[in-house]
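If you're matching them up, the sequences are chains A and B in order.
Counting in this note's numbering, the first sequence runs without a single skipped number right up to 357 at its last residue.
Counting in this note's numbering, the second sequence runs without a single skipped number right up to 714 at its last residue.
Calculated directly from the structure, the hints in this document are not laboratory data.
Don't be surprised by glycine CBs; every beta carbon is placed ideally from N, CA and C.
You may find that some hints are simply not true.
Covered stretches of chain B, as calculated for chain A (at least 3 residues, CB under 8 Å) [what the hints assert, rightly or not]:
no., stretch
1, 411 to 424
2, 476 to 485
3, 548 to 554
Residues per chain are reported as follows:
Number of protein chains: 2
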Amino acid sequence: MDPQEQTQQTALAEIGEFGLIALMRETLGESEDESVVSGIADDAAVYRTGGERVHVLTTDTLVEGVHFDRAFMPLEHLGFKALSVNVSDVVAMNATPRYATVSIGIPQNVSVEMVTTIYEGLKQACNAYDMHIVGGDTNASHGLSLSISVVGAADEDEVVYRRGAQVGDKICVTGDIGASYAGLKVLLHNRERLQEQEENFQPDLDPYSYVIRRHLAPPAQLTVIRDWADAGAQPRSLIDISDGLSAEVHHICEASDVGAQLYEPALPIDPETRNTATEFEEDVTVYALFGGEDYELAFTTPEDDLETLDPQTYTVVGEVVAPEEKEEPVTIQRANGQTIPLQPGGFDHFADSPPGQ
Amino acid sequence: MDPQEQTQQTALAEIGEFGLIALMRETLGESEDESVVSGIADDAAVYRTGGERVHVLTTDTLVEGVHFDRAFMPLEHLGFKALSVNVSDVVAMNATPRYATVSIGIPQNVSVEMVTTIYEGLKQACNAYDMHIVGGDTNASHGLSLSISVVGAADEDEVVYRRGAQVGDKICVTGDIGASYAGLKVLLHNRERLQEQEENFQPDLDPYSYVIRRHLAPPAQLTVIRDWADAGAQPRSLIDISDGLSAEVHHICEASDVGAQLYEPALPIDPETRNTATEFEEDVTVYALFGGEDYELAFTTPEDDLETLDPQTYTVVGEVVAPEEKEEPVTIQRANGQTIPLQPGGFDHFADSPPGQ
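Chain A extracted, bound-state conformation:
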């Protein structure tokens, strides 16, 4: 196909990011190499390295103006977050992150000192996750960008995929959700007021310190999977919450050919997240289901296996159900007892305009 030809062209918005990934999988074809355990289908790829061991490989990019705003993202946090989002994908396979490469795109208005600060954030993340940056690449670029690849390691039978959920499993999430989106709302609101040069406006971010930190420097949940390993526990399906809980539960349902029922009152939401949503006169459940960038884990496991886990580390938010029970694979029971279908990335019953970044 010649791109210069004036043939019918389809806008990317029509198929979206998930459509583009599906297009890549279709165009390239599934690998039939026996060493490839899992390709473009999960949070990270899995391939055998000999014996029982496998490595997992993932890549993720943060782009200025798309994933972050340099006006309120300290560069040290940017380095930390760029590595964290990749580590989160490795952890979401129940694997241990080991090695990373960093490809950094640098515009002309970024100085050597600023790049050093980004590297320092990367180093902090390396120390936090006990891993090693082994390679790098720098390029001139229109906007600042950080493209990182991470290799992780596991025994082949330790790896947990999206596809393992079974009817009757409890659906659980670690930590709390919706805080990152609440933090983003506060940061955007303050930037707006600063830009409008509102008289006597002094941003007071103290009441929002938790939600802002969750947005700027979210940690990957490596300690959770270490605790599981210590307890001899292993969930049946696992994913990290980068696009919002609703999207991730839909991913698990699609990969596992099951349905899911969530319970709104059970969603773990920090009081600061609730307060922020109240101040913006918005429904905090929307933050929790669709906000994204929490980098907590969602997993499913039989109820009996939950006994082996520290109850401080997770919350049961729903149950895996048979797919034929209803048209919509995922439903949610609201606080008023009403059960309604849930869309992956938008929720008309909760908000006229679902949050998007």
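Take the given structure of chain A and dock chain B to it, following the hints.
Okay, now just chain B, sitting in the frame of chain A:
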């Protein structure tokens, strides 16, 4: 360090790309993990995966307006080239490429059909190199960009580094050099004439088909290292020619603590490259030494070991010498018999303004 502070800021141009890589190495520190055989020091990182096996990992990005011009880079070639430049780094460690991830940045003026064409180019490259794209990531972006990471495999004692050159080794290159830069010159010249809407101008690219192909779709030299393996041969030092032969020989000398003497008449240059330089009234030796993007291999090996190699596959272009013999680590003997020092990235004796992109 707070980037918001009005402290002294250093422009990136002052330290350059190699300075930025050194800065990354300094800020992050060398890894002391025993599984890391080699970090940020060569074409790719090397880490142990168990037993005698190691994996190598490299990452490289092509950015629109920096590394390519969409006006004359067919998107299929872009996909092919983006994978090739990464495979070349793996081959430059004497390792076999296995798995890749692709992170693609897509601006609004790129359609689904255009992305499909890029994926088709990636697929061609996967087939050519017998490897597998196992993961992907797509992002909105200001310009088109392709950031690729490749994992390769080798036995630990098969890996060849930049640092192994010894005094007396012959310096060799595979294939021919300078053609990619000649192709770029032709493409830039034609674009200029088209933009000026020169009357009756019809580009005739037939006489330049080889050099243009070398610029748009350079193959990585995987067959060369396979031939070496079949012959039981292994060079002492090895690097791929991405930044021009002069820069690469300087890298080998620095890593190996040796000097080098090159012979201008020996440089392998295709007749089409010579003709192109003649038409532009430029010195073809400048193309060969500083043009870059050839993705051939430069290696050093004892003279006796050359007998095991197919003489069709390489050219001897110089010799490794003791570092203390002269101030400049690399010199070149010109066709007129005069020996002069060689700079890594510019050559005042050959050209007033060395080529740059």
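- Task: Would you pick out the hints that fail for this structure and give their numbers low to high?
- Result: 3
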